[in-house]
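Q: Chain by chain, the residues:
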Amino acid sequence: GESVGLHLPTLSVQEGDNSIINCAYSNSASDYFIWYKQESGKGPQFIIDIRSNMDKRQGQRVTVLLNKTVKHLSLQIAATQPGDSAVYFCAERSGSARQLTFGSGTQLTVLP
Amino acid sequence: DAGVIQSPRHEVTEMGQEVTLRCKPISGHNSLFWYRQTMMRGLELLIYFNNNVPIDDSGMPEDRFSAKMPNASFSTLKIQPSEPRDSAVYFCASRTGLAGGNEQFFGPGTRLTVL
Numbered sequence: 002g003e004s005v006g007l008h009l010p011t012l013s014v015q016e017g018d019n020s021i022i023n024c025a026y027s028n029s030a031s032d033y034f035i036w037y038k039q040e041s042g043k044g045p046q047f048i049i050d051i052r053s054n055m056d057k058r059q060g061q062r063v064t065v066l067l068n069k070t071v072k073h074l075s076l077q078i079a080a081t082q083p084g085d086s087a088v089y090f091c092a093e094r095s096g097s098a099r100q101l102t103f104g105s106g107t108q109l110t111v112l113p
Numbered sequence: 268d269a270g271v272i273q274s275p276r277h278e279v280t281e282m283g284q285e286v287t288l289r290c291k292p293i294s295g296h297n298s299l300f301w302y303r304q305t306m307m308r309g310l311e312l313l314i315y316f317n318n319n320v321p322i323d324d325s326g327m328p329e330d331r332f333s334a335k336m337p338n339a340s341f342s343t344l345k346i347q348p349s350e351p352r353d354s355a356v357y358f359c360a361s362r363t364g365l366a367g368g369n370e371q372f373f374g375p376g377t378r379l380t381v382l
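Respectively, the protein sequence lines represent chains A and B.
Quick note on our numbering: the first sequence kicks off at 2 and runs consecutively.
Quick note on our numbering: the second sequence kicks off at 268 and runs consecutively.
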């Protein structure tokens, strides 16, 4: 029979193009957000984070945008490279809680 | 910098057997997290410790699962008895207690297969 499981959103981009990965969150009390990258067979790896008092933060080739009005987070990757192919997770945290709540992830595939 | 260390990396066992997963957090980190990742449910937090004390174990599936942190440099996640539905990749992560240190650092994971 057909297996049931998470159907990861997928995004395919040409090498050199920019990528935009989106994430919606539901907890309006969340005040900290983080993006992780997970390559096949490895643990999640930190990319960039942002606090709720900001709406944009830039890193090396990556930018995170936060829209608290619509509870939306995005990760932009400039000049996408083959090594960027991975599953990307957003995560949120509220208040003094130490635990993160992870989204289901987006599979990014970079085409040659 | 060794990062978070997990062992074993792969474990194959038979239903009913006891399984023990091990984690060594990054030195100096005072929070430790156990996660389970499956295709069905994604990445789920099972339990986390702060200063070796379990703070939230609401994610632990059932009594067959238990976790301990006897000291700041070692934690175990035990499944007894194991069942095929426990097959998953189990991640350990640690985090510093310093102000502003929000990032969790993940280990490489243990891939568990219960036959």
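Hints in this document: simulated from the structure, not taken from any laboratory.
Some clues are possibly wrong.
With a straight-line Cα cutoff of 30 Å, these simulated DSS-like cross-link-like pairs (lysine-lysine) come out [unchecked claim]:
#1 B:Lys345 x A:Lys43
#2 B:Lys345 x A:Lys72
#3 B:Lys335 x A:Lys43
#4 A:Lys57 x A:Lys43
#5 A:Lys57 x A:Lys72
Covered, in the sense of this in silico footprint (three residues per stretch, anywhere, with C-beta under 8 Å from a C-beta of chain A), are these stretches of chain B [stated by the list, open to error]:
#6 280–292
#7 314–325
Yeah, the Cβ is synthetic: ideal placement off N, Cα and C, and Gly gets one too.
Q: All hints, please: hold or fail.
A: Evaluation of the provided hints:
1. B:Lys345 x A:Lys43: Holds: Lys345 of chain B and Lys43 of chain A sit about 22 Å apart, inside 30 Å.
2. B:Lys345 x A:Lys72: Violated: Lys345 of chain B and Lys72 of chain A sit about 37 Å apart, past 30 Å.
3. B:Lys335 x A:Lys43: At roughly 24 Å apart (the allowed maximum being 30 Å), Lys43 of chain A and Lys335 of chain B satisfy the hint.
4. A:Lys57 x A:Lys43: Measuring from Cα to Cα gives roughly 28 Å; hence the hint holds.
5. A:Lys57 x A:Lys72: Holds, at roughly 14 Å.
6. 280–292: violated (count 0)
7. 314–325: holds (count 4)
In the structure shown, a violation is registered for the earlier hints numbered 2, 6, in ascending order.
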